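2 protein chains.
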Amino acid sequence: MTVDIAFFEAFTEERQQITEQLPPTISPVFYQDTIQEAGASALPAKFISVRTQSVIPDGWKQELDAVLTRSQGFDHIHRMFTDCVKPVALGYLGPYCSRAVAEHALMLLLMLIKNVKAQLDQFPRFYREGLTGREVFRRKVLIFGVGQIGSETAKLCRACGMDVRGVDIDPKWDGIEYVSLDEGLPWAEVVICAAALTDITAGLLNRKRLAALPTGALFINISRGEISPVEDLVSLIDENRLGGVGLDVFPDEKDLGEKMRSGDIDDPLVRQVTAFAGRPNVICTPHNAFNSAEALALKTNRTLESVAAFYESGRFPYPVPEIKA
Amino acid sequence: MTVDIAFFEAFTEERQQITEQLPPTISPVFYQDTIQEAGASALPAKFISVRTQSVIPDGWKQELDAVLTRSQGFDHIHRMFTDCVKPVALGYLGPYCSRAVAEHALMLLLMLIKNVKAQLDQFPRFYREGLTGREVFRRKVLIFGVGQIGSETAKLCRACGMDVRGVDIDPKWDGIEYVSLDEGLPWAEVVICAAALTDITAGLLNRKRLAALPTGALFINISRGEISPVEDLVSLIDENRLGGVGLDVFPDEKDLGEKMRSGDIDDPLVRQVTAFAGRPNVICTPHNAFNSAEALALKTNRTLESVAAFYESGRFPYPVPEIKA
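In order, the protein sequences belong to chains A and B. The first sequence runs 1 to 325 under the numbering used here. The second sequence runs 1 to 325 under the numbering used here.
Please keep in mind that the hints were generated in silico from the structure rather than gathered at the bench. Keep in mind that a hint or two might mislead.
Each pair may be met inside one copy or between any two copies, as identical chains are not told apart.
Said to hold, decoys possible - Cut-off 25 Å, straight-line C-alpha distance, at most; resulting in silico cross-link-like pairs (DSS-like, lysine-lysine):
id, residue 1, residue 2
1, K140, K155
2, K254, K117
3, K172, K254
4, K117, K86
5, K46, K172
6, K254, K61
7, K208, K117
8, K86, K155
9, K46, K254
10, K86, K46
Quick caveat: nothing in here was measured; it's all calculated off a predicted structure.
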């Protein structure tokens with residue numbers, strides 16, 4: 001029996017939902033791991049579906065008909081196929097997890113501003129000194145990248161009484177006051193990075209730029225780790241210039257995640273990230289902001305719609321667009 | 001030199017602020033600890049100021065002129081002086097930390113609903129299975145006790161898109177739909193306890209009542225631990241009837257806190273609370289919800305206003321009222 005679609009990076013719950021709802025004429029295979037971790041060498045199917053951590057091997061590209069990334073972002077797939085000669089249908093899911101990610105950003109902000117790691121650490125001794133935090137009410141929050149997720153985050157922060165401004169090269173959402181990055185950084189008490197990864201945003205929020213923030217500002221990244229180098233965040237925390245960092249995303253995450261899962265503590269980046277995550281004013285989550293039951297249900301629906309559309313028309317409802325850098 | 005006021009349970013930051021702003025004619029003494037922990041046997045001053053963890057010794061009551069609790073709640077002071085014959089001026093601070101406590105409740109809710117303890121635990125292996133949470137958007141939230149803190153919490157939850165109802169014996173705040181406890185519990189996905197401790201509320205949210213919640217509901221207490229017995233919460237979590245518990249307050253907290261600070265791990269309640277706090281779906285903070293810089297500044301202002309008013313008129317701006325049980 002031929003496999004029609006190979007789903008990589010499929011969690012148990014997602015696999016169950018897709019299996020239940022996929023038409024019986026389509027034969028799937030599921031891998032919990034990335035393409036690299038699964039050690040798949042031969043192309044398992046002409047339709048491959050991944051999330052954000054797999055790399056499509058160059059050798060597969062000539063035989064593929066379609067790649068669907070089950071994510072709201074598509075920069076990783078765009079980059080892999082930039083030089084590909086054969087036409088391959090490339091799709092992504094479109095917005096399905098904006099609210100989940102916005103709530104994750106708010107949670108990280110509350111946890112950082114209230115020193116919750118110290119509170120949890122001190123709880124077993126009921127030791128209450130040194131725990132004074134601040135309120136999010138009236139805090140000045142700069143949203144870097146006001147797309148689907150950025151605008152949802154802006155709305156939620158404003159609903160909680162924060163003073164919100166946005167930075168975007170294409171200021172298309174009406175509900176926010178836009179400023180330039182150079183204006184916004186010295187003003188902001190909190191920066192939330194929600195930007196897509198492009199040639200322009202890669203490395204943009206580096207040490208030099210973030211040093212323009214007021215002392216003690218908080219930095220949160222819920223989009224792509226490559227936008228802000230980890231070593232820069234480490235040094236800004238070391239020097240008490242940043243008051244706290246919350247990260248759900250990391251540079252070169254597919255490689256880093258693989259090394260962390262295999263326990264490769266000799267790797268310098270693994271060591272650096274693990275030590276950083278252990279600090280009292282740093283909170284790291286394993287790229288999990290999107291992962292709500294509500295988003296997962298919508299994701300399965302979008303996945304099935306995308307699969308059906310491709311088999312009907314050869315096109316995805318959300319084709320990966322050219323990225324304007 | 002005679003001491004005019006003895007401040008117990010004064011954190012470093014609070015002590016500094018009060019010292020700077022107290023008139024030079026008033027001579028204070030500060031203790032970081034409770035009256036019991038400080039081992040104060042003789043009355044140190046005719047004006048005593050505490051927070052929520054000290055017990056005023058019976059022997060002091062005949063000599064005291066005034067007691068000011070530097071807290072938004074006053075039930076503990078009311079109880080201690082119920083049978084006191086000598087007239088002692090009893091005051092509290094009035095609302096100063098409603099917003100801080102409301103934000104703490106929201107933080108606990110987000111942390112529980114997003115399984116953040118599991119996310120932090122699994123981060124060092126970048127292990128991403130089993131982390132699916134839910135969104136707070138559209139969740140059904142029952143606020144038990146809609147006073148200053150309860151109404152602030154209700155407003156914040158509603159701003160975040162939750163469906164909020166309230167339970168109160170005196171439904172005086174217009175902005176919420178009131179229901180009875182019996183109606184509210186089977187409806188609620190989340191219960192936030194923000195009620196004052198009275199003869200009626202003590203032990204009210206016990207095992208039997210909370211068992212009326214839908215399976216998997218979350219319970220958060222940011223007012224007084226006596227309202228919901230810990231052993232009942234333990235058994236409801238054990239049986240997976242509650243999906244998560246977030247506690248900032250604990251029964252008999254002054255005694256429990258003292259034992260926890262002294263490392264008394266042989267005490268059954270200390271053992272129970274510490275083990276409970278270590279569970280993946282339980283988050284315990286050491287009565288710290290109120291503790292924001294904003295609330296602290298307002299608290300110092302209110303403390304100084306209260307002291308000035310007492311010396312001027314013999315009365316506090318917020319006298320401890322009779323509690324209608």
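* **Status of K155 relative to K86 across identical chains (alpha carbons, at most 25 Å)** => Close neither inside one copy (42 Å) nor across copies (55 Å); limit 25 Å.
* Asked: When no copy is named, should K254 and K117 be tagged within, between, both, or neither for a Cα gap of at most 25 Å?
  -> between (27 Å within a copy, 23 Å between copies)
* To do: Give the relationship of K172 and K254 under a CA distance limit of 25 Å: within one copy only, between copies only, both, or neither.
  => neither (32 Å within a copy, 55 Å between copies)
* **Same-copy or cross-copy closeness of K86 to K46 [CA-CA at most 25 Å]** => Result: close within a single copy only, 13 Å intra versus 88 Å inter.
* Identical-chain pair category, K46 with K172, by Cα at 25 Å -> Classified as neither: same-chain Cα gap 37 Å, cross-chain 65 Å, threshold 25 Å.
* To do: State whether the alpha carbon distance between K140 and K155 is at most 25 Å within one copy, between copies, both, or neither.
  => both (14 Å within a copy, 20 Å between copies)
* Classify it for me, K46 with K254: is the Cα-Cα distance of at most 25 Å met within a copy, between copies, both or neither? => Within one copy, since 22 Å is at most 25 Å while 66 Å is not.
* To do: Go through the copies and call it for K117 and K86: within, between, both or neither, with a Cα cutoff of 25 Å.
  => neither (50 Å within a copy, 45 Å between copies)
* Quick one: K208 to K117, C-alpha cut-off 25 Å, is that within a copy, between copies, both, or neither? -> neither (28 Å within a copy, 33 Å between copies)
* When no copy is named, should K254 and K61 be tagged within, between, both, or neither for a Cα gap of at most 25 Å? -> within (19 Å within a copy, 67 Å between copies)
When held up to the earlier numbered hints, the structure conflicts with 3, 4, 5, 7 and 8 and fits the remainder.
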